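A.B. asks: Got chain A sorted already, so can you dock chain B onto it with the hints?
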Amino acid sequence: MSIRERLSGNEAIATAMRQINPDVFAMFPITPSTEIPQYFAQYVADGKVDTEFICVESEHSSLSACLGAEAAGCRAVTATSSAGLSFMNEVLYVAASSRLPVVLAVACRALTGPININHDYSDSMAERDSGFIQIYAENNQEVYDNYLQAHRIAEHPDVRLPLMICEDGFITSHAIENIELEEDETVKKFVGEYHPENYLLKEENPLAVGPYGISAYYMEARVAQAHAMMNAKKVILDVAADFEKTFGRKYGLIEEYRMDDAEIAMVIMGSSAGTAKACVDMLRKNGVKAGLVKVRVFRPFPGEEIAKAIANCKAVAVMDKSEGFSACGGPLYAETCGACYNLKNRPLMVDIVFGLGGRDFTVDSAKTVFDRLATIAETGETGEIYTHMGQRER
Amino acid sequence: MGLKAEEINEHIAWQDVTVGCEIYEAGTSRLTKTGEWRSKTPEWIKEKCKQCLLCAPFCPDASIPVSDGKRDEFDYEHCKGCGICIKACPFQAIRWKEEG
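Chains as they are written, first to last, in our numbering: chain A, 2 to 395; chain B, 4 to 103.
Because the hints were derived from the structure by calculation, they are not lab data.
Quick caveat: nothing in here was measured; it's all calculated off a predicted structure.
Think of the CB as a built atom: it goes at the ideal place given N, C-alpha and C, for glycine as much as any other residue.
Heads up, a few of these hints could be off.
As the list claims (entries may be wrong) - One side only, chain B facing chain A, incomplete, derived with CB under 10 Å:
| hint | residue |
| --- | --- |
| 1 | 8 |
| 2 | 13 |
| 3 | 18 |
| 4 | 19 |
| 5 | 20 |
| 6 | 23 |
| 7 | 24 |
| 8 | 25 |
| 9 | 26 |
| 10 | 28 |
| 11 | 30 |
Just chain A, same shape as in the assembly (with noise of 0.2 Å):
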């Protein structure tokens, strides 16, 4: 049976991890993701985990020592927020590269500058090719089950990848909601211990981690790298399933809300699309046939899927919630591109960039873009194709 319980983002995964109860937890603080490892040492305080809780020196640290636990056969998680991501970049391609499947939770947060603690995705999309799964949630219920299935993907031994759980900093990370919790135990059997066929403390087995790669083996290295993260996709789904059956709630790589006859659509990510989903309720009402495509696992990227889900539109929006100062789109619109290339027909497509640093996407900025989507399938025209929403302007 599940249990409705009242929590915010930070406090469902701390809550999952507890679940879960992992070998190893390094933590090092930073807004908006300290209420993870704060929550989780009451947990251990209490006696309720029986995880070793190492207070390390910083984020290179915390996920240097996830990695030491998991090269060691542990199931070892961590989390962090923005500038603390940034600062574990070098780490996170050791930990992809090694097969290590460290889960590390982000409470998405704005990168400097200005200095900000509100959020948007500079910090994880800047980490979009350190080989982590990443999967974004829309709100702390699916923050809660993405977690649950986050350890099952990432050990499964057609993937051994690392991989990201992102939550929106603040929005989802400090806002409650009611969401369903499951029993300890149901989550316990679902999510199942780790048993990994080799590691450093395997007595009998000597292991060697982390080799170095002349030139003669890197690009082999990387190439197998690559299968891995394109194994993910079926793992994903199949966790995703068997998630359903034991729990009930459905997940995919993307969520399509109101596609099937939908000539104008947004593609958008976490809590965003909560609120764009709202506008595209409205928008129906007065008959205007609207959707839009949640991407919920950005990598591996579900290409063919949003390819698949947008190719009858007639105009889509990409909104961007990170600047990647390419000076010609954000990295979700370049992708979405890239993926739409080889469709016969393909949809007029726009970038928008929004919400950065915490700037507010209301139902009104929602309808606003819906608007200019009208408008191009109407005319034909996309008009400038990178823009910026919600700025002052003069």
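C.D. replies: The following block gives chain B in isolation, referenced to the frame of chain A:
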């Protein structure tokens, strides 16, 4: 479990590379001829050597084999040419080889 270290070479396919390039046994450096990194080479002058054995423990790469209480010729397949043994020898019984 993937390939053993001795089966890993520059001809294996990407599908055969071990996960994360893990190596599933110990002591595999014996299989890798790292001596080719060396740019300078130490030379053992046998007649000056008193077999005091100071050089062997100073060698950071175990490239001075010792058996029956006596050192033997350098293991040039693993010696990196750091020259620490030259400094350690009290009898000038090790010197840099004259490069031809």
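A.B. asks: Tell me the numbers of any earlier hints that the structure contravenes, in ascending order.
C.D. replies: Nothing - there is no hint that the structure violates, so all of them hold.
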